[in-house]
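Number of protein chains: 2
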Amino acid sequence: MTDQEVKIALDALSDQIDKYAELLVKKGCAISEGSQLVINASIEIADFVRRVQRAAYAAGAEFVTVIWGDQESSRIMYENVDLARLSKTPSWKIEQLNSLAEQGAAFLFLSSDDPNGLKGIDPEKPAAVSRARNLECDVFRNGMDFGKNVWCIAGVPAAEWAKVIFPELSESEAIYRLWVAILDVAHASGEDPQSAWETHNATFEKTKRFMNSHQFKELRYESSNGTNLTIGMNPGHLWEGGAGKTQDGTLFFPNIPTEEVFTTPNYRKVNGTVHSALPLIHAGQIVKNFWFTFKDGEVVDYGAEQGKDVLTSIVSQKGGKYLGECALISKNTPIRQSGILFYDTLYDENASCHLALGMGFPECLKGGLEMNSDELLAHGVNQSTTHVDFMIGADDLNIWGISDDGKEIPIFVNGQWAWE
Amino acid sequence: MTDQEVKIALDALSDQIDKYAELLVKKGCAISEGSQLVINASIEIADFVRRVQRAAYAAGAEFVTVIWGDQESSRIMYENVDLARLSKTPSWKIEQLNSLAEQGAAFLFLSSDDPNGLKGIDPEKPAAVSRARNLECDVFRNGMDFGKNVWCIAGVPAAEWAKVIFPELSESEAIYRLWVAILDVAHASGEDPQSAWETHNATFEKTKRFMNSHQFKELRYESSNGTNLTIGMNPGHLWEGGAGKTQDGTLFFPNIPTEEVFTTPNYRKVNGTVHSALPLIHAGQIVKNFWFTFKDGEVVDYGAEQGKDVLTSIVSQKGGKYLGECALISKNTPIRQSGILFYDTLYDENASCHLALGMGFPECLKGGLEMNSDELLAHGVNQSTTHVDFMIGADDLNIWGISDDGKEIPIFVNGQWAWE
Chain A
-5 MTDQEVKIAL DALSDQIDKY AELLVKKGCA ISEGSQLVIN ASIEIADFVR RVQRAAYAAG
55 AEFVTVIWGD QESSRIMYEN VDLARLSKTP SWKIEQLNSL AEQGAAFLFL SSDDPNGLKG
115 IDPEKPAAVS RARNLECDVF RNGMDFGKNV WCIAGVPAAE WAKVIFPELS ESEAIYRLWV
175 AILDVAHASG EDPQSAWETH NATFEKTKRF MNSHQFKELR YESSNGTNLT IGMNPGHLWE
235 GGAGKTQDGT LFFPNIPTEE VFTTPNYRKV NGTVHSALPL IHAGQIVKNF WFTFKDGEVV
295 DYGAEQGKDV LTSIVSQKGG KYLGECALIS KNTPIRQSGI LFYDTLYDEN ASCHLALGMG
355 FPECLKGGLE MNSDELLAHG VNQSTTHVDF MIGADDLNIW GISDDGKEIP IFVNGQWAWE
Chain B
-5 MTDQEVKIAL DALSDQIDKY AELLVKKGCA ISEGSQLVIN ASIEIADFVR RVQRAAYAAG
55 AEFVTVIWGD QESSRIMYEN VDLARLSKTP SWKIEQLNSL AEQGAAFLFL SSDDPNGLKG
115 IDPEKPAAVS RARNLECDVF RNGMDFGKNV WCIAGVPAAE WAKVIFPELS ESEAIYRLWV
175 AILDVAHASG EDPQSAWETH NATFEKTKRF MNSHQFKELR YESSNGTNLT IGMNPGHLWE
235 GGAGKTQDGT LFFPNIPTEE VFTTPNYRKV NGTVHSALPL IHAGQIVKNF WFTFKDGEVV
295 DYGAEQGKDV LTSIVSQKGG KYLGECALIS KNTPIRQSGI LFYDTLYDEN ASCHLALGMG
355 FPECLKGGLE MNSDELLAHG VNQSTTHVDF MIGADDLNIW GISDDGKEIP IFVNGQWAWE
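Here the protein sequences come in this chain order: A and B. Just so you know, we're using this note's numbering here: the first sequence kicks off at -5 and counts up by one. Just so you know, we're using this note's numbering here: the second sequence kicks off at -5 and counts up by one.
It is worth saying that the hints were derived from the structure and are not from the lab. It should be emphasised that the depicted structure is a prediction, and the values quoted were computed from it without experimental measurement. Do not rely on the hints blindly, as some may be mistaken.
Just so you know, same-sequence chains aren't split out, so a pair can sit in one copy or run between any two.
Okay, derived cross-link-like pairs now, DSBU-like style, lysine-lysine, Cα gap no bigger than 30 Å in a straight line [as the list claims (entries may be wrong)]:
hint, residue 1, residue 2
1, Lys13, Lys113
2, Lys289, Lys302
3, Lys20, Lys239
4, Lys20, Lys82
5, Lys157, Lys312
6, Lys202, Lys239
7, Lys202, Lys82
8, Lys157, Lys1
9, Lys211, Lys312
10, Lys82, Lys142
11, Lys289, Lys211
12, Lys211, Lys82
13, Lys1, Lys360
14, Lys239, Lys157
Work out the full structure, taking the sequences as your base and the hints as a guide.
Below you can see the structure in the form of structure tokens.
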């Protein structure tokens, strides 16, 4: 495409991009009369941020706070500030996130960073910032973890990210192509994305009913790349997926797109080895072809063809050696079928069955939302200062559910639901 | 110039722009080993912000906080949020500015906004935000007003601003021309801008000595556009200009560029009428050909060919009807000689003698830095929630200093110092 053709194509997409902004505001963040919205976004995607702002006010928001970030500025900070200084969260940042959460704001996180943007930076540094923030901004953190605040993560194209995905295209065409892909996989390319999400949400219900009614004792994973892993489930575990729900019953979509059903396994009962199916992008770095070996829940060995130090920084965090999530996703999803590697967890995790090291989800255990941290841990829900998803859904992945009486029921056959 | 020529010219300017960044960091903000810097800037000038960040760390800064703003996002907020809601400063914003001031940070304000960017917005709204912030962020405000914190305002080209100044040029050429103009009038286009500022600062000393030693009782202003104004001085008033000094003796430059010597007059002793010599840009709006009539210090009448409601919003603020500053600037300054109307007070106020409605300067009174607000008021120093400069330096402006014994000494003749 010539630059002129790209410009025309992008202009033609403008109304659809507004519909996407409205989808994030109304379905993702459940904004209605009197809501407060907080937008976390890079300065690079200012045009889209302003669309979201307008959509939020049109939906009745009483106030929209924009928290701007800039990956390049962050990089300069990481290059010049030492770990100890970075591990202190400024008092105003704590007040910012906690007070907005306290006031019941919805939090929208727009993801657009260059996957290679922090290459060469000691991964301990961004990890320290995020760990300190998670610990100190407790009202904010708990507000999202315990169903008090609505939150939503969604992607927005920016130049560097688009060029990593489409290295053969010009910058402007790469951005255009990424818009088309994002709208498509987010079920937001049609006439009425909000209705599309109501329909989409219904498909999760069937799968959740199947998994929740079986209450498997454990899941066994096998694929030809060397994965051979058994994951123990908690009594009373709950499979979630699609819309989230706050304690007061507000429906929202924490991830746009989302294709997963997921639960939190027993963090002490994981044994065997699991191999990655897709690269992991974490703290602005890429980890390729990696594996973990677990014994009684703990990561006892791990390796990677590229980026092993990123894994080291993850497992070094409090609770980072234990699983907090296992998620099931058929290989027949728009994301996997797009054939695009997005280099962004939000998208790539929805292309494939995945696991996560770190924090478990209280809502994935009956009564979990009323438990404190110690009680959750006692019930097998990992407590951690991190949560990192990694993709394990090989094309020939098989998964069996093992029931209390030892029966083995096929859940996944060759990377897709057994009944698909 | 073709786009290609502009690109080459801008590339050639890159090192000079880095020198400008270093000037702001080292001379403007006095950054040295262990300093903290806070940069307030628009997302549009991110490239320059990153240069400042790098220069600050290179000068030994321990931490740089960037507070991003976006005029377009602010506009959307003003369009949708009512005055009462805007009059509340969020608790985290108070904590942000106060805690950083408390820690001794230097504050750099980079000015790049579109002078017309808030056209059509009720000027009461930005005024309310700024009034609330000045009242509630008291540690921050007092830190700058009472010589505890270093601060500096400087300009950086952005597209919309450049296009207002150079409407006949292409966007990229307008930005380039504005860079050339800004570097030039800021004494930052030579080999060593930091030395140039040391030399520049020395020229203020002679003028300040003359004005301070005379201790005039009042100044009388006359020009052919109708200005006929007498301004009473406070006993013990001090003329300032050039470098500022914190209470602990750190030298810094609050304005880059600066050409003015200024003091705070007695806010009760202003009589007569004064006419503007240049437009006033305030809260994103333009006021043209305006005038004020004072009686015993108070604005009793005013008018404007365009933008009178902006004047109304200024004089409606606490202390907004009284003068807080009078500043003397010869018409022979680089800014006036550039012939450019910058549509930005920082530049345009340095093209011309000006006055300011609102807050007076405690450092312009002997012992003023040790006085509280009531004491300052009792000594004739206006107290206000605003401070708005406006330009009155007509080409034929004459100013006389009247001494205690009634002698009239010419200070300005035809818009320049009597001895020039």
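- Message: Within, between, both or neither: how does the pair Lys239, Lys157 come out at a Cα-Cα threshold of 30 Å?
- Response: Answer is neither; intra-copy 36 Å and inter-copy 49 Å both fail.
- Message: Treating 30 Å as the Cα threshold, decide for Lys211 and Lys82: within, between, both or neither.
- Response: neither (42 Å within a copy, 54 Å between copies)
- Message: If the cut is 30 Å between Cα atoms, do Lys211 and Lys312 qualify within a copy, between copies, both or neither?
- Response: Close inside one copy (27 Å), not across copies (70 Å); limit 30 Å.
- Task: Have a look at Lys289 and Lys302 and pick one of within, between, both or neither, based on CA distance no larger than 30 Å.
- Result: within (20 Å within a copy, 76 Å between copies)
- Query: Should Lys202 paired with Lys82 be assigned to within, between, both, or neither, using CA atoms and 30 Å as the limit?
  - Reply: Close neither inside one copy (41 Å) nor across copies (45 Å); limit 30 Å.
- From the Cα coordinates, with 30 Å as the cut-off, is the pair Lys202 and Lys239 best called within, between, both, or neither? within (15 Å within a copy, 68 Å between copies)
- Message: Please sort Lys13 with Lys113 into within, between, both or neither, judging by C-alpha distance up to 30 Å.
- Response: Between copies, since 28 Å is at most 30 Å while 34 Å is not.
- Within a copy, between copies, both or neither: where do Lys1 and Lys360 come within 30 Å Cα-Cα? Neither way: Lys1 and Lys360 sit 51 Å apart in one copy and 62 Å across, limit 30 Å.
- With 30 Å as the alpha-carbon cut-off, assign the pair Lys20 and Lys82 to within, between, both or neither. between (35 Å within a copy, 26 Å between copies)
- Taking 30 Å as the upper bound on the Cα-Cα distance, should Lys157 and Lys1 be classified as within, between, both, or neither? Cα proximity of Lys157 and Lys1: in one copy and across copies (17 Å, 23 Å).
- Message: My question is about Lys82 and Lys142: at a cut-off of 30 Å on alpha-carbon distance, are they close within one copy, between copies, both, or neither?
- Response: both (26 Å within a copy, 24 Å between copies)
- Task: Give the relationship of Lys20 and Lys239 under a CA distance limit of 30 Å: within one copy only, between copies only, both, or neither.
- Result: Within one copy only: 14 Å inside a chain, 52 Å across chains, cut-off 30 Å.
In the structure shown, a violation is registered for the earlier hints numbered 5, 7, 12, 13 and 14, in ascending order.
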